Amino acid sequence: MSYLEFLATYSDRFIDGTLVTLGQFGLAVLVATAAALVSGLMKMAHSKLVRAIAVGYIEIFRGTSLLVQLYWFYFVLPLFGFSMEKFTAGFVTVGLCYGAYGAELVRGSIQSVPRGQWEAALALNMTPAQRMRRVILPQALVTILPPWGNLMVEILKGTALVALISVADLMFETRQINNNTYLSAQAFGTALIIYYIFARFMVTPTMRWLERVMARKIGRS
Amino acid sequence: MLDWKLDFTWEILPRLIAAAGNTLIAAGGGYVVAVILGLVFVLAQRTPFRVLTFIVRELVEFIRSTPLLLQIFFIYYVGPQIGLRLSPWTAGLIAIGLHYAAYLSEVYRGGIENVPKGQWEAARAINLSTVQTYRRIIIPQALPPALAGMGNYLVGIFKDTPMLSVIGVAELMHTANSIGADNYRYLEPYTIVGLIFLAISLPTAWLIRRFESAVRRKMGLTR
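Protein chains in written order, with the working numbering: chain Y, 1 to 221; chain L, 1 to 223.
Please note: incorrect hints may appear among the correct ones.
Computed footprint of chain L on chain Y, listed as stretches where at least three residues anywhere in the stretch have a Cβ under 8 Å from a Cβ of chain L [to be verified]:
1. 73–80
2. 165–178
3. 183–189
Everything labelled a hint here was simulated from the structure, so no lab data went into it. All of these numbers come straight from a predicted model, not from anything done at the bench. Glycine included, each C-beta is placed from N, C-alpha and C at the ideal position.
Produce the complete structure using the sequences and hints provided.
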């Protein structure tokens, strides 16, 4: 079977898998962003308890493997009376895992905003919430975007693991095709190229574009 | 709602701890491959041969942009197609080593580019060879800033070893899976695996931070 015939026969399955992977990616990005923002801010709170909760979350998710977390969420969490659909378990776990890495980026970027900006906001009589929303976060956003782009690529790669709890993503379909045909180079090679195209020509350029837009908005282009 | 069985825990703990040894071997072996191959990648990008530089640069980008899990499958299953039958361990160490070599080469590159241009010129002025320049001038200065990144990827490689379970490397995850399947109990094995990971990676990360700041102090580069 030539490679073109192979593609013609299995393109449907590659496309189906790719769509599931994109769904997992998009939802995991949302979960990761929310988790990173919340826990990153919590880690800077005055209350010791709030800080301890954030540190606990970050250290547990950064200290163990994504694969261990996936299995644990999918197979063990139901025993606590909390079961999730495998699709949900997939993106929630991936999102929480990378959210813990993102939390450190959030904290670092907020702390990189010069002290004078905090003081100026205070002098203008802004409430802490206003200060965060209108002065600090927009500036932190500019510094966080480049490392955040790397994190996005890591999330995309991380979604491949959801195949191991049988979510029918690109990785899963590829393995099935390989098991049916034994055309390993074609099957895995095609999937590698698809992931590469998404990471290199879609995720990374989008993040670069966002960086430029944000820098312009804040008057630093 | 939840019944944690203590006797079952004691029964499976020795097997899991033995498997943790395999996990550490896989992480250590993979890291050695990555440290050496990463050096090859970065040096290849610093040769005057433009084509070689371009190819290695794109290869590093490609490896970094695609999932490790897929790379593990690719190396394990495509090997036999071209007449190269690899054992799970060999394929796993190559895959994980190659993946992290790409990351480490970026860490090395950052370290080398951090060394001021004047140092290269001074080394040339006192007539040092390229090898001497790297060994005595560049690497000692490039290493301290690179250490943090290298340490993080050591922990990273350790946390990625469970992926080797998919091709049958008998590390922690693989052992936990088979214990779970044999006994229809997943609570204890998976939870213990998570705890073992925490018990190893948290102190390691802490030690790496200590080590890094000690090296920085020794180099007179306190932050």
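Results of checking the hints against the structure:
Given a C-beta distance limit of less than 8 Å, the hint that chain L covers the stretch 73–80 of chain Y holds, as 4 residues qualify and 3 suffice. Interface restraint, the stretch 165–178 of chain Y with chain L: holds (4 residues with C-beta to C-beta distance below 8 Å; minimum three). Given a C-beta distance limit of less than 8 Å, the hint that chain L covers the stretch 183–189 of chain Y holds, as 4 residues qualify and 3 suffice.
Against the hints set out earlier in the document, no violation occurs for any number.
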